[in-house]
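Q: Following the hints, put chain B in place on chain A, whose structure we already have.
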Amino acid sequence: MLKVETREPEERFFEDFFEGQEFPTVTKGPMMVGDQVRWAGACDNYESEFHHDEYVAKAQGLPGIILSGPLMASLLMTAVIQWTGRHGRLVRFFDQNRGSTMPRDLAYLKGRVKRAFEEGGKTFVELDCSITNQRGEVTTPGSALVELPRRGR
Amino acid sequence: MELISDAARALIGTRSDWAEACHPVEASEARRFFQAIMDDSPRYRSEAAGSRYGGPVAPPGFPVHAFRRPASDATDPLEGRGDPEFDGSSRLLRHHLPRLPIALEGVLNGGYEYEFFSYARVGERIFSRSTYRDLRQREGRSGPMVLVIIEDEYAAGTELRPLLRSIATTIIR
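Quick mapping for you: the protein sequence lines, in order, are chains A and B. Counting in the working numbering, the first sequence runs from 40 upward without gaps. Counting in the working numbering, the second sequence runs from 829 upward without gaps.
Okay, chain A solo, but in the shape it has when bound:
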């Protein structure tokens, strides 16, 4: 697996964001069954056999083992938190499991500022985010709203 840098997010403020701003793509993977097993252990949830047994997955009409949608959503949410910095407060997050992530797939986590605005005396950044695989398929479209302080306040 590629080394993924994870640390307390950088210090960023509302003024650091602008409409159309692209965040650096975060690459996860190749995702492996081990990632799914670790997620199942973290959630104490082992009941969906198709997440770890290829025979069962194919018998259920799936192309093979698929990684859990909430795991992929959590990876995307982590990227949003990292992109928007340590002072950001995640207000809303939305994701849709449109396609499957399978073992040995890469996951490219992408984000772009849709809107930066002030409302009710608070400042927010709204962004579109997604996971795309190595075939260019968007498996997990999403969006997020983050409250950010102004610099110096």
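Hints in this document: simulated from the structure, not taken from any laboratory. Owing to the predicted nature of the structure, the values given are computational and were not obtained by experimental measurement. Check the hints yourself; a few may be wrong.
Claimed, not checked - To spell it out: a stretch of chain A is covered by chain B in this simulated footprint if at least three of its residues, at any positions, have a beta carbon under 8 angstroms from a beta carbon of chain B; those stretches are: (1) 72-84; (2) 105-119; (3) 125-135.
All C-beta atoms, glycine included, are put in the ideal place defined by N, C-alpha and C.
A: Chain B in isolation, oriented as in the chain A frame:
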């Protein structure tokens, strides 16, 4: 073919009572969670970094996955896997909601919409209540499916400090 029976439709709007996770947030389970989502931000493990939140906290999505099998529950959920007697006619989608009578076997996660209010701190008790919001039948590539929309509210402590609200879409197919 109509898959949403009157009995299933009658459950729309049903809201559970508050239910408590089987134990308060443990540092080790928060660790397993942030390692699984590949986020080792110090706020999840360091008193100093978490001081802004009153101590180390669990990742924002953690409460959704905090309702585990209690130690007192002798029913092994893995028993009966592949049970030929299972007719796929009734699903327990939340432990504190009534079973949903939909006669399809497969279950997939369709996605989430989260609204966040605060972090759950290590040592805090977590509570949840759930509501069947809607049932929608759709025609998918592999046949008919039913989308089950469930709203979940999560809160911490006996004062029920809001943690997050989730709208989850579950696909039964």
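Q: Does each hint fit the structure? Answer for all of them.
A: Going down the list of hints, with the structure as the test:
1. Check on the stretch 72-84 of chain A: 8 of its residues sit with their Cβ under 8 angstroms from a Cβ of chain B, so the three-residue criterion for coverage holds.
2. For the stretch 105-119 of chain A, the stated coverage by chain B holds: 9 residues have a C-beta nearer than 8 angstroms to a C-beta of that chain, and at least 3 were required.
3. For the stretch 125-135 of chain A, the assignment as covered by chain B holds, since 8 residues bring a beta-carbon within under 8 angstroms of that chain's beta-carbons and 3 suffice.
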